[in-house]
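Colleague: Listed below are the residues making up each chain.
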Amino acid sequence: AQKITQTQPGMFVQEKEAVTLDCTYDTSDQSYGLFWYKQPSSGEMIFLIYQGSYDEQNATEGRYSLNFQKARKSANLVISASQLGDSAMYFCAMREGIEYDMRFGAGTRLTVKP
Amino acid sequence: GAGVSQTPSNKVTEKGKYVELRCDPISGHTALYWYRQSLGQGPEFLIYFQGTGAADDSGLPNDRFFAVRPEGSVSTLKIQRTERGDSAVYLCASSLTGGDGYTFGSGTRLTVV
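Chains as they are written, first to last, in our numbering: chain Z, 1 to 114; chain U, 115 to 227.
Extracted from the complex, chain U is given alone in its bound form (with noise of 0.2 Å):
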């Protein structure tokens, strides 16, 4: 795609459900990465996708989060047992190689009542 493609764009989900967040990177792009930016704050990194592999997943809270590549282009974000402290705008990031630039998505803003 033209773009790095997020959806959705808004999820509202209850304490305790699961939630999936998909990102679609740039074709061609190998490396992928997912961010979570709390109000206020600056990006957190979470994820590191070079290929199919995670590459650096330090950044994971806990093991409620896990996130899959299977094919080397889409990648799902996946959170088991939602909390409140999981709201946050969750961004996709992907780049041609891994060592250039990156071009980000518009977020999926995630929102746990």
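The following block holds chain Z by itself, in its conformation from the complex (with noise of 0.2 Å):
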């Protein structure tokens, strides 16, 4: 069964602006962690921030944010003030429990217009 959720295939944003990327989770247990990554055309794939189950507060890592919905089983990575290098794709990615392994979405690509 899928467990991450990447809805938007690609989104575009115009340089300057913000963006919201989505993705949904599903999961039954109570202790777990959602993390984004970004992966530029070069391959390499690029921590930005991550999110526990138990943190009451939204996560914060410069220009970016995670909108944590607990109830809702959402947590969508927003970019404010996008810059030409945020183009990309992005992926979300869940950890369950006491599980080490790490499960991701399809991904978005993102496309930021000068």
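None of these hints come from the bench; they were simulated from the model. In this text the structure is predicted, and so the values were computed from the model without any measurement. Take the hints with a grain of salt, since some may be wrong.
Claimed, not checked - Here's a subset of chain U near chain Z, in silico, CB distances under 8 Å, partners left out: (1) 132; (2) 142; (3) 147; (4) 153; (5) 155; (6) 157; (7) 162; (8) 165; (9) 166; (10) 169; (11) 180; (12) 203; (13) 215; (14) 218; (15) 221.
What the hints assert, rightly or not - Facing chain U, according to a computed beta carbon distance under 8 Å, are these residues of chain Z, among others: (16) 19; (17) 47; (18) 61; (19) 97; (20) 100; (21) 106.
In this text, a Cβ means the ideal position worked out from N, Cα and C, and glycines have one as well.
Take each chain as given, in its own frame, and dock them per the hints.
Modeller: Structure, rendered in structure tokens:
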């Protein structure tokens, strides 16, 4: 069963504007972690932000924030003040309970327009 | 090392051949993961090592795939009797204990012709 769902195959945003990338997840565990990674065309996977299921506040890292809505099982990534260098694939991932392996969604390709 | 190193960066092989892909994790990282990423898709979990042992190999697609980590550092992913459907980027990641974040390597692009 699909555990991580990213419903937006592609997104466009104007430079300097904010954009939200959607992610919903499915788990029966009470303890889990949610991650966002960026993958530029070079192929490397770059860790952006992490949210633990027990964290009461939304995670933030610079221009990245995670809009965590536990009841809706959503963990959307918000990028503020988009830059041309933000153009890349973005993957949402989840690690459940005591498991250490991470499962990824299909990704969203973000294109920032000048 | 400073980062996760994967070799080769590219591998082209003929259908039916055997290939080995190598991953050298960050020094001291006990957890090591292999993923496969097909074009346009997210990484698909293959196997996870904690130390020398495979803690979870549930993602290996079939018995043609095998991975080892004999000394708890370098890992080798082995694919026998390669098929065209095995063509993908194979990503390796490591983490300090397993419960923290991953650092990914740059991947090995495998092409089976």
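Colleague: The structure should be examined with respect to each hint, and the outcome stated for every one.
Modeller: Against the structure, the hints:
Interface hint status for residue 132 (chain U): violated, as the beta-carbon distance to the closest one in chain Z is roughly 25 Å, over 8 Å. Among the interface hints, the one on residue 142 (chain U) is violated; its C-beta lies about 16 Å from the nearest C-beta in chain Z, farther than the 8 Å criterion. With 8 Å as the threshold, the beta carbon of residue 147 (chain U) comes within range of chain Z, its nearest partner Cβ sitting at about 6 Å, so the hint holds. With 8 Å as the threshold, the beta carbon of residue 153 (chain U) stays out of range of chain Z, its nearest partner Cβ sitting at about 11 Å, so the hint is violated.
Restraint check, residue 155 (chain U) versus chain Z: the minimum CB separation of about 6 Å is within 8 Å; hint holds. For residue 157 (chain U), the interface hint holds, the least distance from its beta-carbon to any beta-carbon of chain Z being 5 Å, beneath 8 Å. Proximity of residue 162 (chain U) to chain Z holds as hinted, the smallest CB-CB distance being about 5 Å (cut-off 8 Å). With its C-beta approaching chain Z no nearer than about 12 Å, residue 165 (chain U) sits outside the 8 Å limit, and its interface hint is violated.
Given hint, residue 166 (chain U) at the interface with chain Z, is violated; its Cβ is 15 Å from that chain's nearest Cβ, farther than 8 Å. Checking residue 169 (chain U) against chain Z: minimum C-beta separation of about 7 Å stays under 8 Å; hint holds. Against a cut-off of 8 Å between C-beta atoms, the interface hint on residue 180 (chain U) is violated, since the closest Cβ of chain Z lies about 17 Å away. Because the closest C-beta pair between residue 203 (chain U) and chain Z is about 7 Å apart, less than 8 Å, the hint holds.
Here the hint on residue 215 (chain U) is kept, as its CB sits about 5 Å from the closest CB of chain Z, short of 8 Å. Interface hint status for residue 218 (chain U): upheld, as the beta-carbon distance to the closest one in chain Z is roughly 4 Å, under 8 Å. The interface hint given for residue 221 (chain U) holds, since its Cβ lies 6 Å from the closest Cβ of chain Z, which is under the 8 Å cut-off. Hint status for residue 19 (chain Z): violated, given a least beta-carbon distance of 19 Å to chain U, over 8 Å.
Nearest Cβ of chain U to the Cβ of residue 47 (chain Z): about 5 Å, under the 8 Å cut. The hint holds. A distance limit of 8 Å between C-beta atoms decides the matter here; for residue 61 (chain Z) the minimum to chain U is near 12 Å, and the interface restraint is violated. Using the Cβ-Cβ criterion of 8 Å, the hint placing residue 97 (chain Z) at the interface with chain U is not satisfied: the shortest such distance is roughly 11 Å. Below 8 Å, beta-carbon pairs count as interface contacts, and residue 100 (chain Z) has one with chain U at about 4 Å; its hint therefore holds.
Annotation: interface hint on residue 106 (chain Z) holds; nearest CB of chain U at approximately 5 Å, less than 8 Å.
Hint compliance for this structure: hints 1, 2, 4, 8, 9, 11, 16, 18, 19 are broken, all remaining hints hold.
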